[in-house]
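Colleague: Put the two chains together into one complex, using the hints given.
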Amino acid sequence: MPKARVLIRPKEGILDPQGKAVERALPALGFEGIEHVRVGRMVELEAEDPARLTELCEKLLANPLIEDFEIESIDGA
Amino acid sequence: MLWGVVQFPGSCDERDALHACELTGGEARLIWHEERDLDGVDAVVVPGGFSYGDYLRAGAIARFSPAMEAVAEFAAGGGPVLGICNGFQVLCEADLLPGALLLNESMRFVCRQVELQSEGLSTPGGAQSFTLAGEMLSIPAKHGEGRYWAPEEMLDAIEANGQVAFRYAPGQNPNGSARDIAGVRNEAGNVLGLMPHPEHAVDAMTGSTDGLRVFDAVAGARV
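Order-wise, the sequence lines are chains A and B.
In terms of the working numbering, the first sequence has 12 at position 12, counting the first letter as 1, and numbering is strictly consecutive.
In terms of the working numbering, the second sequence has 103 at position 103, counting the first letter as 1, and numbering is strictly consecutive.
Keep in mind that the hints were calculated from the coordinates and are not lab data.
Do not take every clue at face value.
To be verified - Coverage of chain B stretches by chain A, computed from C-beta distances (three or more under 8 angstroms per stretch; other residues unrestricted): (1) 50-62; (2) 86-100; (3) 105-117.
The beta carbon of each residue, even a glycine, is placed where N, CA and C say it ideally should be.
Extracted from the complex, chain B is given alone in its bound form (with noise of 0.2 angstroms):
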């Protein structure tokens, strides 16, 4: 299996995403922004970072991107995506996952481990759908704009079609996301996007290994 990691001027985190890419078994290879061929890869991964500095909004340039022109193609196609933080922003921004992240509640920089909770999906998402589905996972978060937020409708529309991938345990919301939402799936159920870093947490030296369980969701989602 080939993984591509998105790199754009400013992302921080490819690096700790292509090394849990590959601890699936799988090899890992970076996307330059401005490639608009992923050339063959399997999944894609849209790291975390500040990228193009973040100007405007978070994500807002990124999705401009010709690699994200290439990523909404290989999504729209059936491809998995995993957009971590930064990257969860930008596939918001693009439109490939519901809703906005805002500015965190307590306008503070969180950084910290947080518990969460996955769910499975409730409608038939065949074998595009990831298969984490009620586990605890133990990952650590570290963001400043991480506020899920959608209209009530549509956080009414995307509980009720399964979407809802990760909540953060009770009483452990960083950020004043609404209904504790940490990450959520296209309705497809082939992009996933969460804000804590499952690439932070591949190695029990640093305290979990539990994000190599997402990065393996993925894996399996292959098409």
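Bound conformation, chain A alone (with noise of 0.2 angstroms):
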């Protein structure tokens, strides 16, 4: 069955505090000038009808009104 990756996140504008918190993290461990840290969340899944995917994204996988995705298919399926 054909494979995909759902790459979620955050939309533009809308504070991430998880993106905040690992960005603040970062000097400690000693990586300097890392800025605009955003954290979002990727699925992967196998779909007998790719087509759907859209749908399938903006019905559960996303909450269209927070978040932006991206679906990619994945080669070698």
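Modeller: Rendered as structure tokens:
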């Protein structure tokens, strides 16, 4: 079955406290000069009908009000 | 009056909600999430907890349960619906209420008593409107994802429509919610959601009975 990967991230302009926390922790580990960290999530799945993935993302995997998503098909499936 | 309290796997405040419903003088029963028939209830409470483990996003999976399909139809017909905490998140995910609830700005779970200012409808909402307005309520809040958020233009619209039902009192916003919003109504006025827990403020022994006024207002909104 075709494999796909869905990347979901908080929309631009929405405060992402997880990203902020990661960003604040980095200097203590010696990673300077890292900015604008945003934390999202990734969903891997296999879909019989990849044409329906956009609808699936809009209805369940992402909340379009607060999140953007991208669907990538994974080669070698 | 018969109340129905929806119970999902992972709900945890349904018993307190049943008790609060009964204190309004009505009867109350649980509605298991797999039930498709609300069986003649006059009002519905979607209670707090962690429905379906809050997997994916809080409320995202619960909204597709058979019971929530029935609640959406009930709400479309003008039936009063009260969503509390996770129930509020479910109603937002189901598009029965505007906006979304995000991770608290502090990233910490908050559990504390908060003062809420209730706001009335500024547009004619008819008999379906909740009547609680201009009152200060002391009610506990306990949540990790309670930061109310909506795009600026949506916030302007819900304020203009009188859909803001509750705001945190100045300086008490526990989660970074936009414009101190603690609870909102739908446009028709028959669906109400809030993050703090009125069902935990129904007995003087625990510090406040203000939550009963929220349940009474929902009972009064019965069509």
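Colleague: List in ascending order the numbers of the hints, as given earlier, that are violated by the structure.
Modeller: Every hint satisfied by this model.
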